[in-house]
Amino acid sequence: MSEHEQLNERDRAQVEERHEHGAEHYRKVYLTLLVLLVLSVAGPFLGIVWVTLITAFGIALVKANLVIQNFMHLRWEKRLVKWVLISSLVLMALFVAGVAPDVMRHEGQNWVNVAAADAVDRGIEDEHAEEEEHAEEGTAVTVADPDVFDAVGQFNLICATCHGSAGDGNGAAGAVLDPRPANFTDPAFWETRDDERIKTAIRDGGAAVGGSPLMAPWGVLFDDAQLDALVEYLKAFRPAGQ
Amino acid sequence: MSAKPIATTRSATGIPTGRLAVWWLLASEVVIFGGLLGSYIMHRVGHPEWAEAAAHTQVWFGAFNTLVLLTSSFTAVLAHQAAESGQGKKAAKFLVMTMGGALTFLLVKSIEWTIEISHGYTITTNTFWSFYYTAAGLHGLHVIAGAIIMGFIAVDAWRGRELQRVELIGIYWHFVDLVWIFLFPLLYIAK
Chain A
0 MSEHEQLNER
10 DRAQVEERHE
20 HGAEHYRKVY
30 LTLLVLLVLS
40 VAGPFLGIVW
50 VTLITAFGIA
60 LVKANLVIQN
70 FMHLRWEKRL
80 VKWVLISSLV
90 LMALFVAGVA
100 PDVMRHEGQN
110 WVNVAAADAV
120 DRGIEDEHAE
130 EEEHAEEGTA
140 VTVADPDVFD
150 AVGQFNLICA
160 TCHGSAGDGN
170 GAAGAVLDPR
180 PANFTDPAFW
190 ETRDDERIKT
200 AIRDGGAAVG
210 GSPLMAPWGV
220 LFDDAQLDAL
230 VEYLKAFRPA
240 GQ
Chain B
0 MSAKPIATTR
10 SATGIPTGRL
20 AVWWLLASEV
30 VIFGGLLGSY
40 IMHRVGHPEW
50 AEAAAHTQVW
60 FGAFNTLVLL
70 TSSFTAVLAH
80 QAAESGQGKK
90 AAKFLVMTMG
100 GALTFLLVKS
110 IEWTIEISHG
120 YTITTNTFWS
130 FYYTAAGLHG
140 LHVIAGAIIM
150 GFIAVDAWRG
160 RELQRVELIG
170 IYWHFVDLVW
180 IFLFPLLYIA
190 K
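Heads up: the protein sequence lines correspond to chains A and B, in order. In this text, residue positions in the first sequence follow numbering that gives the first Met the number 0: the first is 0, and each later residue adds one. In this text, residue positions in the second sequence follow numbering that gives the first Met the number 0: the first is 0, and each later residue adds one.
The hints are all genuine.
Result set (DSS-like, lysine-lysine): computed pairs, CA atoms no more than 30 Å apart in a straight line:
| no. | chain 1 | residue 1 | chain 2 | residue 2 |
| --- | --- | --- | --- | --- |
| 1 | A | 27 | B | 88 |
| 2 | A | 77 | A | 27 |
| 3 | B | 92 | A | 27 |
Keep in mind the hints are simulated off the structure, nothing from the lab.
Could you put the whole structure together from the sequences, leaning on the hints where they help?
This is the structure:
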C-alpha cells in the first residue's frame with residue numbers, strides 16, 4: 000500500500016467518524032455558541048466586575064475552544080498541527096511576558112514613564128471636563144447613586160487589594176510594593192493625616208499629597224460624596240484614643 | 000486531472016499538504032493578532048482612562064456582528080460537510096451563504112464606523128481608538144480576503160472541482176470568526 004493510499008484510508012476513517020455526528024452535531028455546537036453569546040452580552044448588565052470579566056473573557060475562551068475543536072476539526076487533526084499552533088501561542092506568550100512589565104506599569108525601581116503617566120492624567124482630566132459638560136447640559140452622568148453607595152464594599156473591592164480588608168496594609172497585592180501601602184491601624188499614620196489629605200490621596204493618588212506614587216488616583220470611580228464616605232470608613236480603622 | 004500539481008496529493012506528514020499549509024498560515028496569524036491584542040491588553044491595564052473611551056463603543060453592533068460571524072462559521076462547516084460527501088453544488092450554496100455573512104458583517108461595520116467617525120472618534124483621537132481601528136480594521140481585511148477567496152472556491156465547487164479546498168477556506172474562515180470572538184469582549188464589553 001503506498002503512502003498516499005494509507006493517507007486516504009486514514010482520512011476516510013476520520014470523515015466517517017465526523018459524519019456519524021453529522022449536521023446535528025454542528026447544529027448543537029452552533030446553538031451552544033449562541034447561548035454563550037447571549038450570556039456574554041447579558042453578564043455586564045449586572046454591573047459586577049468579576050461577573051463581567053468571567054462572562055466576557057471566560058466565555059470567549061469556551062467559545063474559541065468549541066470553534067477550534069468542532070468547526071476547525073482540531074480534535075480529529077494530527078498531533079503535528081497542535082504542536083505548530085502551540086508553538087505560535089508560546090511565542091506570543093513570550094512576547095507578552097517580555098514587554099508586560101514595561102507596558103503595564105509606568106514606574107519601576109529606577110525608571111518612570113513620564114509620558115504614559117501624563118497620558119493617564121490627561122485622559123482622566125478630559126473625562127472630568129466631559130462629565131461637567133454633561134452636567135451643564137442637564138444630562139448628568141453620575142458614576143453611581145450616592146444614596147446606595149457602599150463604602151465598605153468598595154473598600155473591600157478596590158482598596159483592600161493593597162491595604163488589606165483589615166486596613167493594616169497587608170493586602171495581597173501590597174506585599175510586593177515598596178514603599179509599603181499605608182497601615183490605617185498604625186497610630187503614626189493618623190498623626191500626619193486629616194480628612195482633606197486622605198480624600199485628595201484617594202482622588203488624585205499618593206503623589207498628589209507627597210506620599211507613595213504607587214497609590215493610584217481613583218477619582219474616576221468616586222464622586223465627592225463617595226470620597227467622603229470612604230474617608231469616614233477609613234477612620235473606623237483608627238486605633239482608639241487617637 | 001493529469002496536470003494536477005504534485006502538492007495536491009503528496010503528503011509526508013499524513014496531513015494533506017494544502018491543509019497543512021493553511022495551519023501554518025494560521026500559526027503566523029496567531030502571532031500577528033496575538034501580538035496586537037496582547038499589546039492592547041497590556042496598554043489597557045496600564046491606562047485606566049481608556050475605560051471612558053471604551054464606553055463609547057456600541058455593544059449591540061458588536062454583538063450583532065458576533066452573531067453574524069458565528070452563523071457564517073456554521074454555514075462554512077456545513078459547506079465542508081457537503082463537499083466531503085461530494086455534493087459540490089450544495090457546498091457552493093453554503094459558501095455563498097457564508098459570503099453573505101461576510102458582506103453583512105462588513106456592512107454593519109461600515110455603519111458603525113461611520114457613526115463613530117462622525118462623532119469625532121477617529122484613529123488619531125487617542126491610543127484606545129488607534130487600537131480599536133487597527134485591530135478591527137486588520138480583522139476586517141481578513142474578512143474581505145476570505146470572502147473573495149471563497150467566491151473562487153464556490154465557483155469551482157459548483158462545477159464539482161477541487162472540493163478539498165472547501166475545507167481549507169473553512170478552516171481559515173473559522174479563524175477569522177475566532178479572532179472576532181476575542182475582539183468582541185476586548186473592544187465592546189470590557190468597559
